[in-house]
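Participant: Sequence:
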Amino acid sequence: MSVASLIDPIRSEGGATTLPDIAEWGQGRTLYGGASALIAYTSAIRAFTDLPPLRAAQVGFVSPVGTQVELRREILRQGRNVTQVRSEIWSDSGCALTSLWLFGDAREANAVHPAAAPDDWPGPPVEAEEIATDSAPQFIRNHFDIRRAQEQRGPGEPTVRRWVRLRDADGVDAVSRLILMGDVLPPGAMRAMKRQGPISSINWSFNLLDNAPASADGWWLAENASQHADAGYSSERLRMWSSDGRQLLDGMQSVAVFG
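Numbering-wise (the numbering used here), the sequence shown opens with residue 18 and increments by one.
Bear in mind the hints are in silico, worked out from the structure with no lab data behind them.
Keep in mind it's a predicted model, so treat the numbers as computed, not measured.
Even glycine gets a Cβ: it sits at the ideal position worked out from N, Cα and C.
The reader is advised that the hints may include incorrect statements.
Per label pair, the in silico range of CB-to-CB distance [unchecked claim]:
(1) P70 / D247: 19 to 27 Å
(2) I148 / D247: 22 to 30 Å
(3) Q213 / R94: 24 to 32 Å
(4) A133 / H245: 32 to 40 Å
(5) M269 / Q95: 24 to 32 Å
(6) Q155 / Q213: 35 to 43 Å
(7) M269 / I148: 20 to 28 Å
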């Protein structure tokens with residue numbers, strides 16, 4: 018199933034919606050977080066077609082997302098430059114995902130400060146080592162190319178950095194691609210875990226630094242870094258750069274780390 022077919026069933030009127038065979042995008046008992054966030058985003062922009070460019074989002078992963086859902090979205094406020102839209106996915110058991118999307122027209126720049134490139138910038142993705150995905154979830158095996166972007170392997174500094182590329186992106190706009198890819202890596206806390214165990218994203222918030230993101234040959238540098246981990250939770254910083262070193266996404270996430 019292509020990315021386009023994942024969002025094809027979403028209609029402007031919302032309401033009861035049957036998603037296609039989403040098992041291919043499954044992660045554990047639910048839908049992969051980037052895919053469910055993309056469904057909520059698509060529901061918003063198809064309902065309200067005159068929105069300004071996307072600037073930021075806050076996504077809460079509440080409970081598992083299944084095949085039969087109800088899509089709800091509403092404009093909370095529409096100002097001169099900024100429009101805030103709430104988009105939710107509901108199931109029989111209640112709200113499965115709640116999200117707030119901030120759209121804003123560009124203003125005359127009164128502050129200009131480009132984001133810095135990360136330390137230890139890796140070589141180009143074409144020269145990077147491919148990473149075997151045999152044991153990865155099916156959606157990664159079927160839809161993503163992943164290559165190494167750091168020397169570290171195994172336990173150590175709680176940072177995971179990879180080159181990632183979405184294979185079947187035809188018919189999907191650049192912002193939607195970034196939303197789908199932004200949550201694809203495991204948390205940096207994985208490198209600090211005392212023993213293997215399940216992990217689960219609880220929320221995800223991000224700022225989009227360019228409303229027309231682009232990168233050569235579709236490769237993006239993604240990084241998940243644990244800022245603090247304790248009591249079964251990790252606070253993660255999620256960032257993405259184009260292949261020429263321009264940061265396009267800056268985010269945070271809370272992750273449950275089970276024992």
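Participant: Now, for every hint given, state plainly whether the structure supports it.
Facilitator: Here is how each hint holds up against the structure:
Look at P70 against D247: about 38 Å separates their beta carbons, and that is not inside 19 to 27 Å. Under the hint 22 to 30 Å, the C-beta atoms of I148 and D247, about 29 Å apart, fit the expected range. Between Q213 and R94 the beta carbons are some 45 Å apart, a value that contradicts the proposed interval 24 to 32 Å. For A133 and H245, the hinted distance range of 32 to 40 Å is not satisfied, since their beta carbons lie about 22 Å from each other.
Roughly 26 Å separates the CB atoms of M269 and Q95, a value that falls within the hinted 24 to 32 Å. Here the CB-CB span from Q155 to Q213 is close to 20 Å, at odds with the stated 35 to 43 Å. About 25 Å separates the C-beta atoms of M269 and I148, a value consistent with the hinted range of 20 to 28 Å.
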